[in-house]
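Asker: First to last, the sequence lines map onto chains A and B. Start counting the first sequence at 1; every next residue gets the next number (the working numbering). Start counting the second sequence at 1; every next residue gets the next number (the working numbering).
Hints are computed from structural coordinates only; laboratory data are not their basis. Honestly, I wouldn't trust all of these hints.
[To be verified] Below, computed lysine-lysine pairings styled on DSS-like, alpha-carbon distance capped at 27 Å: (1) Lys-57(A) to Lys-57(B); (2) Lys-57(A) to Lys-18(A); (3) Lys-57(B) to Lys-18(A); (4) Lys-57(B) to Lys-18(B).
What follows is the residue order along each chain.
Number of protein chains: 2
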Amino acid sequence: MAASAGPEIERLIALLAKLPGLGPRSARRSALALLRRRDQLMRPLAQAMAEAAERVKPCGICGALDTTDPCSTCADPSRDAGLICVVEDDGARWAMERAGAFRGRYHVLGGLLSALDGRGPEALRINELVARVATGEVREVILALAATVDGQTTAHYITERLASTGVPVTSLARGVPVGGDLDWLDDGTIAQALRARRPA
Amino acid sequence: MAASAGPEIERLIALLAKLPGLGPRSARRSALALLRRRDQLMRPLAQAMAEAAERVKPCGICGALDTTDPCSTCADPSRDAGLICVVEDDGARWAMERAGAFRGRYHVLGGLLSALDGRGPEALRINELVARVATGEVREVILALAATVDGQTTAHYITERLASTGVPVTSLARGVPVGGDLDWLDDGTIAQALRARRPA
Numbered sequence: 001m002a003a004s005a006g007p008e009i010e011r012l013i014a015l016l017a018k019l020p021g022l023g024p025r026s027a028r029r030s031a032l033a034l035l036r037r038r039d040q041l042m043r044p045l046a047q048a049m050a051e052a053a054e055r056v057k058p059c060g061i062c063g064a065l066d067t068t069d070p071c072s073t074c075a076d077p078s079r080d081a082g083l084i085c086v087v088e089d090d091g092a093r094w095a096m097e098r099a100g101a102f103r104g105r106y107h108v109l110g111g112l113l114s115a116l117d118g119r120g121p122e123a124l125r126i127n128e129l130v131a132r133v134a135t136g137e138v139r140e141v142i143l144a145l146a147a148t149v150d151g152q153t154t155a156h157y158i159t160e161r162l163a164s165t166g167v168p169v170t171s172l173a174r175g176v177p178v179g180g181d182l183d184w185l186d187d188g189t190i191a192q193a194l195r196a197r198r199p200a
Numbered sequence: 001m002a003a004s005a006g007p008e009i010e011r012l013i014a015l016l017a018k019l020p021g022l023g024p025r026s027a028r029r030s031a032l033a034l035l036r037r038r039d040q041l042m043r044p045l046a047q048a049m050a051e052a053a054e055r056v057k058p059c060g061i062c063g064a065l066d067t068t069d070p071c072s073t074c075a076d077p078s079r080d081a082g083l084i085c086v087v088e089d090d091g092a093r094w095a096m097e098r099a100g101a102f103r104g105r106y107h108v109l110g111g112l113l114s115a116l117d118g119r120g121p122e123a124l125r126i127n128e129l130v131a132r133v134a135t136g137e138v139r140e141v142i143l144a145l146a147a148t149v150d151g152q153t154t155a156h157y158i159t160e161r162l163a164s165t166g167v168p169v170t171s172l173a174r175g176v177p178v179g180g181d182l183d184w185l186d187d188g189t190i191a192q193a194l195r196a197r198r199p200a
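Let the hints inform the model, and build the full structure from the sequences given.
Answerer: So this is what it looks like as structure tokens:
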């Protein structure tokens, strides 16, 4: 692209284009929107990013990103320390929190086992999970991992690693999503939902 | 949304969601991507925004956003000062520059006349355009405005305002876009392309 607006704007566009969901075209639109709303949006966003980059750290207990350590969930006495929900990353943890149905604590793995990407157990926070469960305080470990090959491989591995602790390991149910039309569901989901059918 | 990651991250997500093209979901994905790539992406982007917010100003001649005043195009002696391309905003100017077909200078209006939004001529840089053209240096004014009601209203108004100067005012051609399939084109474009047909 011709350097039509000076290197500063070109650099801003190039960096914005690295955000997920923003291509080169939407990065330009974003840069323009930012330049038009400097005081309301551009400066506050720059500051929010700089502050978050400085202050957000992984929690020493569960690995969740937060500005405090232990994180706000681990430090919250009203959250049940006997229930640990294992998630792939903070995105999955935020999704669980938005659902508002879980009142226990988390363990953020930092990824999934992946033969393709060459990611083995040592790259994930699995030893930390085993150590947490081994303290004896935990009554149940809930695996909230993706229903993909990598997610299920990881779930299987964690279940085996935790077998010796005697703590029950459960997994999120598979089935028809709320609002899901059977026409649009894949065969695997329908088959699993049928096997896991419950009294109506 | 439950404040699951502290107010700093919530604030970052809220600000990111204001960027065009990013909804709440993609803003969360972006925040996560930024937090994962702090040194490679988050800090440089924060700095690029802060710098651009500070240094980018509209050019005193053409109104284009740039870090220098006059802007790099107005200051470039190889750009023909006798040709002025009138554009709605910097996004349109960048698009023209990317096309790489124009070697003259620009005039950025800062919007279009709009009865709906109550935007009149005094809100745009039209007086500045008339003053530039009146200097006698300009041989042609090319209107590169949107083929919308507002764009055409603005083009008509500018043409009338410049009539007394005697400088020719032209407009970008209407027609079939490159790669455009006639099946997908609207009737208006096809009709205009037919009227403006040229020897093959």
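Asker: May I ask which of the numbered hints given earlier this structure violates, with the numbers listed in increasing order?
Answerer: 1
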